[in-house]
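Peer 1: In case you want the letters, here they are:
2 protein chains.
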Amino acid sequence: MKHFFLTAILWFGIFSANAQDLKSPDGNFLMHFSLEADGTPVYKLIYKGKDVIKTSKLGFTLKNDNKSLVNDFRIEDTKASSFDENWKPVWGEVASIRNHYNELAVTLNQKQTDRKMIIRFRLFDDGLGFRYEFPQQNNLIYFTIKEERTQFAMAGDHTAYWIPGDYDTQEYNYTTSKLSEIRGLMEKAYTKGNASQTSFSPTGVQTSLMMKSQDGLYINLHEAALINYSCMHLNLDDKNFVFESWLTPDSHGDKGKMQAPCKTPWRTVIVSDDARNILASKLTYNLNEPSKIQETSWIKPTKYVGVWWEMISGKSTWSYTDEFPSVQLGVTDFSKAKPNGKHGATNTNVKKYIDFAAKNGFDAVLVEGWNEGWEDWIGHEKDYVFDFVTPYPDFDLKGLNDYAHAKHVKLIMHHETSGAVRNYERHMDAAYKLMKQYGYDAVKSGYVGNILPLGETHYSQWTNNHYQYAVEKAADYQIMVNAHEAVRPTGIARTYPNLIGNESARGTEYQAFGNDRNNANHVTILPFTRLIGGPMDYTPGIFEMDVTNGSHVNATIANQLALYVTMYSPLQMAADFPENYERFADAFQFIKDVAVDWDDSRYLEAEPGQYITVARKAKGTDNWFLGNVNGETRRVSNIDLGFLEKGKKYTATIYADAKDANYKTNTQAYTIRKVVVTSNSKLSQYSAPGGGYAISFYPVAETAKKKR
Amino acid sequence: MKHFFLTAILWFGIFSANAQDLKSPDGNFLMHFSLEADGTPVYKLIYKGKDVIKTSKLGFTLKNDNKSLVNDFRIEDTKASSFDENWKPVWGEVASIRNHYNELAVTLNQKQTDRKMIIRFRLFDDGLGFRYEFPQQNNLIYFTIKEERTQFAMAGDHTAYWIPGDYDTQEYNYTTSKLSEIRGLMEKAYTKGNASQTSFSPTGVQTSLMMKSQDGLYINLHEAALINYSCMHLNLDDKNFVFESWLTPDSHGDKGKMQAPCKTPWRTVIVSDDARNILASKLTYNLNEPSKIQETSWIKPTKYVGVWWEMISGKSTWSYTDEFPSVQLGVTDFSKAKPNGKHGATNTNVKKYIDFAAKNGFDAVLVEGWNEGWEDWIGHEKDYVFDFVTPYPDFDLKGLNDYAHAKHVKLIMHHETSGAVRNYERHMDAAYKLMKQYGYDAVKSGYVGNILPLGETHYSQWTNNHYQYAVEKAADYQIMVNAHEAVRPTGIARTYPNLIGNESARGTEYQAFGNDRNNANHVTILPFTRLIGGPMDYTPGIFEMDVTNGSHVNATIANQLALYVTMYSPLQMAADFPENYERFADAFQFIKDVAVDWDDSRYLEAEPGQYITVARKAKGTDNWFLGNVNGETRRVSNIDLGFLEKGKKYTATIYADAKDANYKTNTQAYTIRKVVVTSNSKLSQYSAPGGGYAISFYPVAETAKKKR
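Going down the list, the protein sequences come from chains A and B. Converting from the first sequence to our numbering requires adding 132 to each position, the first position being numbered 1. Converting from the second sequence to our numbering requires adding 132 to each position, the first position being numbered 1.
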């Protein structure tokens, strides 16, 4: 009775002038906005009657402004609206995306200062997005954010899948722990060794942050449309389980330079009682603007191989010579330098990859280490580190492109900036022009090392502005961008679909880094975290787990195959050496077959840290591909093939872990079997520790036509 | 006897392995280099037997390097050489410059670390230059300078003409004081109000620093060829009168990112017992590399007028509209905005200036405020502040250029960056292309406000690198650069003669700044300090000293005329309004007549802070122009016209202060008289406080031909 009474009071508040309610289209979510007695804006979020976000404050502290934007507000206006549309992504997991939400825009007026701030909430069936907007006004024009004070008050000591907050790198293994355990585990989680790292708090974590409550809610916190703003971290008050936004500062500790009219990125809360819905959510894209690129025919999902893993694994080098203690572009004469004999990007080696790509149906070959400057590119905060246009003497830019094009293969350009973003911008036009001259469609860019000038970091507003500049300028040249070490994606690829990939997390490369390898369950977490904002160039497909430098890849071959389906990306690499694929040609068939663009996707099983099973329908075909990745514990999937077209027969080729396979000692034990299935079939399939399985489904008639 | 004995010991040292002597070609200078007992390199400089620099240390402290580069050196090698050549500047005070020095290059080896550092000394007849060089080597590759530790130990408590050390501005009035008085006067000298200011030490001063010793030596400390290095200040140990280099830091406090092979700028000590020789010195240019621009016909000394003083003095505005609290490029629609009615860069007004320029023989018209963004350009650390290509609706880019060109007048482009250097670099190609499209030959650039990103300052290595980039890129487009608020020039215009001007000190604009105006003797100091590194766009020629906003120009009209001769620059503005020149058409004749490029220059009288008298021979003619500027005290020049060609008669037109003229209350009282003179003539000429005089000399035959 007491409980009922309290609830009644709360609900009464909703109808007062200082409070507003918003429901999701399906009615499962309720967002309640109100002002506290002192005029502090607060919100809370309820899903199916359960608290997701308890009453949480909204606002900003401002530099040189004692009043800030934290309280003393009154509601000047509210506007409710609804929106429902379907839009077609240029590439994606599905052919069409529904963008359906109810919106509440609350215009607040700070009484003492007569300053306006709009908080715009959009409540979808899969969660909440909200942002701050500052309309043009006379009393709030230019302002500097000291800190954004957006709270996300959790309803309990949830389990979180987290990486340490850091201004310079996202390349951590995930730690799974209770919120209350983060502080104690931070030191262990903060593994060192990245070329640029800057932590800030013992309870600071990154977004997208995945959590699971004791009562079975899956909650994801992230941001959408991070443009001209600093990247948000979350700092935890671990006594009260309240996260608060922690923006990335500039050299002066300031966190955002704002000029009204302006707006922040969206803060997102994706919620479900079924983990699969988190993976299927398109909320992040929906909160971004539609494509600003009108003609998109040049944006093409791409499956590629590359001269890359051999450098990562220690077999060859990016650099051309070992002759000099350091090199200087335009000064060092590489044509007279003694080659070190281990250079990867040679004409001979690149042709080998081109031949392999052509033979096996890959679209492209990435070549790293093709350009002068790799001798001392890392760790020196070197400004003029690359010019992005000058090849080493053993790399024939024109000849190799001609050779590739004759075989209907493209080369993928590589621009490592070494963090010297000004240097990159200075050479960007020439670099993009060179690409167009020789027929490159895509560039992999990199930001290894501290951002120059020092004082800026990888995720500060100034640097985020650079990544955006690079993507927009590339669009002008009709170039696709795959940016590594750049800020984590926030759905901007909807607006600029030429941003076909990002790294922004630990990729496969760490598997070659000895003691600091990816956990075996890493790939069961990434889709819940890193992939919420956009695709990742994870570079899967390693078949030989014991690599040249002595490191060991924590995966089975079947697991590696499954990644082409579980790690959605329009850009997928087959990262291993051609000779390793030739050794396991039957398993390699799956990589050759698997699509990189889809009409439909079905999340069949999912639990962060444990397993993910996805089926996807290849774009414009009746073929399906299915992947399962598994965590540390052996497991059997029991799945229903009801996603297949009713009444149609499919040949399913199942690439699975052998019974004795495991990611540590028996990585190459797999089985391949073919069965004919229909939409009525059920599948029970074993996955080894660190393993998984991959399945291709071809309609029986199609299978007959397909020549293998 | 005791003294003799000590001297003998010292001189003995010269011949030991740890010491080296170097003499100037004329034998007046002796530079002595040696190692102290602990291997610290030291040098001293003697001029005509007098100590100029007492034993002073050389070296660097390095970041993350306990050993640094301060001591433990041995001399590994020394190389002595001589050099003598004449070179022709593209523009200048003289047609040919002699570069004549004896050189000593000392290769030092740090014993414990086996690291090499070369100190290269060049001793000229007018002073010393030396720099540090780091050859390619295995034990010193990348290093970060914590501080350069170059000392300049003064031999006494000299009189100095100084401005406060500052990382962001050079726009101070000079203070004349004893070295020992600097600390006490610093607070007063550090006048506030500049858009960007950063002081660092109570005894920190800027170069070029002019001094005068009690025994009559004039000593100037500066640097030459400041490229890819941070700008040097001088910090004074005022107990011992020892200056030490104090470099401009980056956001981390680091003072230089170095990669061997590399070198520092030259540290310069210009010395004479005659102040005129300091002004005539070409040491700074001689220490720079020859021109890297091969074809220089497009680089043209220029006399110009402009839409500028009317904004400075408050008559009109750079901005177009007052309608918005702030503007955003690409968002604000200026075509629909309400004009404020005071915009200076209108078609009508610019045509008025073009007409005036054409009528009076000026080469060009500068127009500021022509492009969108001026409404809120200052003080907001706004990144996207200008795009450098979009004119206001009332400025017809093509039409005005066509109009000007039809009258054989050029428009000068204006690029204010507001300190947002990345934004400028992003738009630089488009901006320079636009200039070429419409026929602009020159750009005035500006860097008002804090440098973005914060953490960098106006004189840090990263920002200096930008100024250099702008000049080199402009050269690619055959564009002349006149950079305001950029780092002080250090003779780089020899190497890039398209750098035809800089501000880098208080220009005439401060005369319109009310309580913070230039001292009346400012122009008697600038040639000894600011002009040592290159020309200044001082924008002289104000005739109406009581300006629109109520400020008062501290000068007489005769003083303003003299500046066209005393302030050498290949770029000279007639800054006042056309109507003010029309009011004083007889005085204006001198500005119309005076040349901006010279075959010869003779410094006739000079004392810093008191007076400067110079005669210059106009390029390719027999005409001479003479200027005298005077300090606070009335004075009579007694000069010899021996510089005129022997046996030739000249009509001298003398523009002089009236007897009752003074810079405060009677600024427009001048006399003009004509006399015929020869090289045997003597002239006795009065100058008022803050006044001066100007003289044109035309051979009598020429005068007859000349139609006025």
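It should be emphasised that the hints constitute simulated quantities derived from the structure, not laboratory data. Take the hints with a grain of salt, since some may be wrong.
No distinction is drawn between identical chains; accordingly, a pair holds when it is met within one copy or between any pair of copies.
[Stated by the list, open to error] SDA-like mimics (lysine to any residue), calculated; alpha carbons at most 20 Å apart, straight line:
no. : residue 1 : residue 2
1   : K310      : P710
2   : K781      : N647
3   : K605      : E557
4   : K180      : Y535
5   : K195      : S328
6   : K180      : T783
7   : K324      : D732
8   : K189      : Q346
9   : K780      : Q244
10  : K278      : G511
11  : K568      : D608
12  : K605      : H559
13  : K180      : N218
14  : K565      : D608
15  : K605      : V521
16  : K176      : D528
17  : K780      : N367
On a predicted model such as this, the values are computed, not experimentally measured, just so you know.
Peer 1: So, for every hint listed, does it hold in this structure?
Peer 2: Against the structure, the hints come out as follows:
1. K310 x P710: Close neither inside one copy (43 Å) nor across copies (77 Å); limit 20 Å.
2. K781 x N647: For K781 and N647, neither the intra-copy (47 Å) nor the inter-copy (91 Å) Cα distance is at most 20 Å.
3. K605 x E557: This pair counts as both: shortest intra-copy Cα distance 10 Å, inter-copy 14 Å.
4. K180 x Y535: neither (60 Å within a copy, 73 Å between copies)
5. K195 x S328: between (28 Å within a copy, 18 Å between copies)
6. K180 x T783: neither (41 Å within a copy, 100 Å between copies)
7. K324 x D732: neither (40 Å within a copy, 65 Å between copies)
8. K189 x Q346: neither (24 Å within a copy, 69 Å between copies)
9. K780 x Q244: neither (69 Å within a copy, 80 Å between copies)
10. K278 x G511: Result: close only across copies, 18 Å inter versus 31 Å intra.
11. K568 x D608: within (11 Å within a copy, 23 Å between copies)
12. K605 x H559: Close inside one copy (12 Å) and across copies (12 Å); limit 20 Å.
13. K180 x N218: For K180 and N218, neither the intra-copy (26 Å) nor the inter-copy (89 Å) Cα distance is at most 20 Å.
14. K565 x D608: Classified as both: same-chain Cα gap 11 Å, cross-chain 18 Å, threshold 20 Å.
15. K605 x V521: Close inside one copy (17 Å) and across copies (18 Å); limit 20 Å.
16. K176 x D528: neither (60 Å within a copy, 55 Å between copies)
17. K780 x N367: neither (52 Å within a copy, 85 Å between copies)
Hint violations for this structure: numbers 1, 2, 4, 6, 7, 8, 9, 13, 16, 17, all remaining hints satisfied.
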